[in-house]
Amino acid sequence: MRFVDEFREPELISKTAEEIRRLAGTNRHYRMMEVCGGHTHAIYRFGLKDILPENIELIHGPGCPVCVLPMGRIDDGLSIANDPDVIFAAFGDMMRVPGTLGSPLEHRARGMDVRIVYSPSDALKLARLNPNKHVMFFAIGFETTAPSTALTMMRAKAEGIQNFSVFCNHVTIIPAIRAILDSPDMRLDAFIGPGHVSTVIGCRPYEWIAQNEHKPIVVSGFEPLDMLQSIVMLLRQLRAGEAKVENQYKRVVPWEGNRAALKAMAEVFQLRPYFEWRGMGFISQSALSVNEKYAEFDAERRFQVPGIRVTDPKAAQCGEVLKGVLKPHQCKLFGKECTPEHPIGALMVSSEGSCAAYHNYEHRKAAMVSLSPMA
Amino acid sequence: MCLAIPGKIVDISPENQDSAMVDVVGVRRRIDLGLLHDDKPVVGDWVLIHVGFAMSKISEQDAAEQMSTLRMLGEIDGAMQEVQGYGLDEVN
Amino acid sequence: MSSGPSALPAAVLPEFAPTRFRDPQIEMAHGAGGKASRKLVEGLFAPLLFGAAPGPLGDAAHVDIDGTIVAITTDSFVVKPIRFPGGSIGELAVNGTVNDLAVSGAIAEALVVSYVLEAGLPTPILEAEVRAMAKAAREAGVRIAAGDTKVVEHGMADQMYVTTTGIGRLIGGVTIDPRSVRVGDRILLSGPIGDHGITILLARGELDLEANLRSDTRSVLPLVQAVIQAAGPGVRWMRDPTRGGAATSLNELARDCGLGMVLFEDQIPVRDTVRGACELLGLDPLHIANEGQFLVVVSPEYADAALNALNLAPGGSEAQVIGEVREQPAGTVLVTTLYGGSRIVDMLVGDPLPRIC
Chain A
1 MRFVDEFREP ELISKTAEEI RRLAGTNRHY RMMEVCGGHT HAIYRFGLKD
51 ILPENIELIH GPGCPVCVLP MGRIDDGLSI ANDPDVIFAA FGDMMRVPGT
101 LGSPLEHRAR GMDVRIVYSP SDALKLARLN PNKHVMFFAI GFETTAPSTA
151 LTMMRAKAEG IQNFSVFCNH VTIIPAIRAI LDSPDMRLDA FIGPGHVSTV
201 IGCRPYEWIA QNEHKPIVVS GFEPLDMLQS IVMLLRQLRA GEAKVENQYK
251 RVVPWEGNRA ALKAMAEVFQ LRPYFEWRGM GFISQSALSV NEKYAEFDAE
301 RRFQVPGIRV TDPKAAQCGE VLKGVLKPHQ CKLFGKECTP EHPIGALMVS
351 SEGSCAAYHN YEHRKAAMVS LSPMA
Chain B
1 MCLAIPGKIV DISPENQDSA MVDVVGVRRR IDLGLLHDDK PVVGDWVLIH
51 VGFAMSKISE QDAAEQMSTL RMLGEIDGAM QEVQGYGLDE VN
Chain C
1 MSSGPSALPA AVLPEFAPTR FRDPQIEMAH GAGGKASRKL VEGLFAPLLF
51 GAAPGPLGDA AHVDIDGTIV AITTDSFVVK PIRFPGGSIG ELAVNGTVND
101 LAVSGAIAEA LVVSYVLEAG LPTPILEAEV RAMAKAAREA GVRIAAGDTK
151 VVEHGMADQM YVTTTGIGRL IGGVTIDPRS VRVGDRILLS GPIGDHGITI
201 LLARGELDLE ANLRSDTRSV LPLVQAVIQA AGPGVRWMRD PTRGGAATSL
251 NELARDCGLG MVLFEDQIPV RDTVRGACEL LGLDPLHIAN EGQFLVVVSP
301 EYADAALNAL NLAPGGSEAQ VIGEVREQPA GTVLVTTLYG GSRIVDMLVG
351 DPLPRIC
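Protein chains in written order, with our numbering: chain A, 1 to 375; chain B, 1 to 92; chain C, 1 to 357.
FYI, nobody ran anything at the bench for these hints, they're computed from the structure. The beta carbon of each residue, even a glycine, is placed where N, CA and C say it ideally should be. Take these hints with a grain of salt, some might be off.
Stated by the list, open to error - Estimated spans, in silico, between C-beta atoms of each pair:
#1 A:R110 <-> C:D148: 23 to 33 Å
#2 C:H154 <-> A:E341: 51 to 61 Å
#3 C:P300 <-> A:N55: 54 to 64 Å
#4 C:V130 <-> A:K157: 32 to 42 Å
#5 C:I65 <-> A:R110: 36 to 46 Å
#6 A:I174 <-> B:D38: 44 to 54 Å
#7 A:N55 <-> B:D38: 41 to 51 Å
As the list claims (entries may be wrong) - The calculated EDC-like cross-link candidates involving lysine to aspartate or glutamate, where the alpha carbons are at most 20 Å apart (straight line), are:
#8 C:K80 <-> A:D113
#9 A:K125 <-> A:D75
#10 A:K157 <-> A:E296
#11 B:K8 <-> C:D208
#12 C:K39 <-> A:E337
#13 C:K39 <-> A:E341
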């Protein structure tokens, strides 16, 4: 696969890992946070922790839009779809996320019309194909996904579609990073920046992290060589006492971002004054809602939404794990009451949530005596 | 938020300039070019695809530069080791 | 699924045996072949139907009839759509049962088939399926001895459900038992994985994906026979990885023998198109269903002979050694890369769901 296989070349990966070991030395312990859930997934999928030296610690950040969605929002979305004339459409990622009365798939088993879509356009297509039903698209994702939802709504408006709406849960990444940095018990040296969000917002929005907080941030791609190269770039900055924004993912990320995508978002969305992030509490100006011009496509205005707030059990320490203060297995509920099959907190819910990833991958590897690398 | 795959544009629909067919090692998918109006791709271009939309064009030049930077890492390392062999220790 | 030989404690009548299945209702996940399926089988069916301590669950049961061992198995086919590139429900129904018997070390002698048909099903469609089954049975060398038909209301049975039950005689020269697996054994795979599941996914037409891909449905009996002939004494375990994929089958083995299955990622055969589709959808080929492949664990002394026999047999040229059995990580499947990275691959929970994150 072009633009994929080159960045998975085993020899180059080994060489880059060597360079990381050389740069990391032994005197200093480095704590780097990868913000985006896709990076968390890549770390486990490619087994990158196995080839990094022990003194580089990767902390998983809050960039998992499924994990940070409060359960009440899922309940709200499902309550709208309780109507036999409503089709609940969402990405596969949402299908097993538990609401108070079960996940979307469990609702489907009880007779709700629930469809998996792979694009917001699929949801709009469903609306065209089912004129007697209403299609409610349960939108999730950061700035990577929001423009596609926005463009789809613009198309719906242009076509005069009457039976389509969006239940908008899009969130923005910068306020989440700010919340991490504002956290008193945070100890981070650097950030691995979200590569795909940055194709939309560019690299400028991270400048305050370098300038005001003096933390280096490298916007990174998702292949093993991308992430390893980003770590090399971060180590070089840290050793030189620098703090800059760098773009490792140049082949795809424009420094200024994607103007057309940003325009589409501005056309359709507005910032919510605040939004609840599961495990992190309320964060101001951190999420999008549908603006007045597109009100007819806003599910929250077309339907009666209960506005349910569901609080996680006090014992769930999601917030501390999200901020990198605790490791997943240090939460009292980890692996016992809270498992991927019966998730209690946000981070167990999605397979790229830190706790789920740790439970599925790290936990059992930690039990191994030794792992000799393949030649 | 993050699953995005490179694909090569093999066809752009004459009736709808925003609708294109991409190829990913023989798998073909119809995608939307609506977010790339400022930098319209043509057949043969590579784009990054996320939820059925092209997010960005992939720069072959930048990709090639990145690969050569990475390859040089190993060479610089090799050169350093040679230098060390002459007794000029590197301060780590 | 089936049980090993066991004695019922006299105190508990089977219908009163305690069960361990606590899910309040049946979900799609329970049929997907992964963790949820296993919970249902081990927690509900096994205690009530197979008696206490049934032993590891295999693909087929061996029943002793007055000193003659007969292998028997059953399988239901509920695929949608019923026709897809490379095959149809009819072929799956024949090959699936022939394969379950083959990997348990038996040659299918006869099948019986049961149809549940949806009222309103056009006759030409039914006829096409029955012809497909006749052809598949002839090619697999098995006779279809008897059948049954039921018709249900329109809207049920997705056009048709087919169940086949097969009996066979033991091939001999081989004992399939997960408990015989040892550290150092090699794990072999007969050919590329993921073809069938991805073909079905694309054939459903819900995705805007097209690919030149066909289901791999076929009888693996000739390949199994080749392996047994060349390496019988060294064969420990075989399985055809259908729903849940190779990862699920190997996880079951790892659990049953308590050892670690270490796979070498670069040696697992996957077609480019399957890889592309999986990357696009965020799926792992190891979790995708196959209908014409099998896994075999062989002792190191016989591994070369087994691989050779596979590669030389028709349809086995893409067989590979994909891994080996190690002590660690116990009870787990681990995939390793050439650069020293590794990841644990768990059993599937429910159906593989495409993701965007």
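We went through each hint and held it up to the structure:
1. A:R110 <-> C:D148: 23 to 33 Å: 32 Å, holds
2. C:H154 <-> A:E341: 51 to 61 Å: Since the Cβ atoms of H154 of chain C and E341 of chain A sit about 37 Å apart, the hinted range of 51 to 61 Å is violated.
3. C:P300 <-> A:N55: 54 to 64 Å: 38 Å, violated
4. C:V130 <-> A:K157: 32 to 42 Å: Given about 51 Å between the Cβ atoms, the range is violated.
5. C:I65 <-> A:R110: 36 to 46 Å: 45 Å, holds
6. A:I174 <-> B:D38: 44 to 54 Å: 23 Å, violated
7. A:N55 <-> B:D38: 41 to 51 Å: Roughly 44 Å apart at Cβ, these two residues keep to the hinted range, so it holds.
8. C:K80 <-> A:D113: 18 Å, holds
9. A:K125 <-> A:D75: Outside the cut-off at roughly 25 Å; violated.
10. A:K157 <-> A:E296: 9 Å, holds
11. B:K8 <-> C:D208: 16 Å, holds
12. C:K39 <-> A:E337: With Cα atoms ~18 Å apart, K39 of chain C and E337 of chain A stay inside 20 Å; holds.
13. C:K39 <-> A:E341: Judged against 20 Å, a Cα distance of about 12 Å means the pair holds.
When each numbered hint is compared with the structure, violations occur for hints 2, 3, 4, 6, 9.
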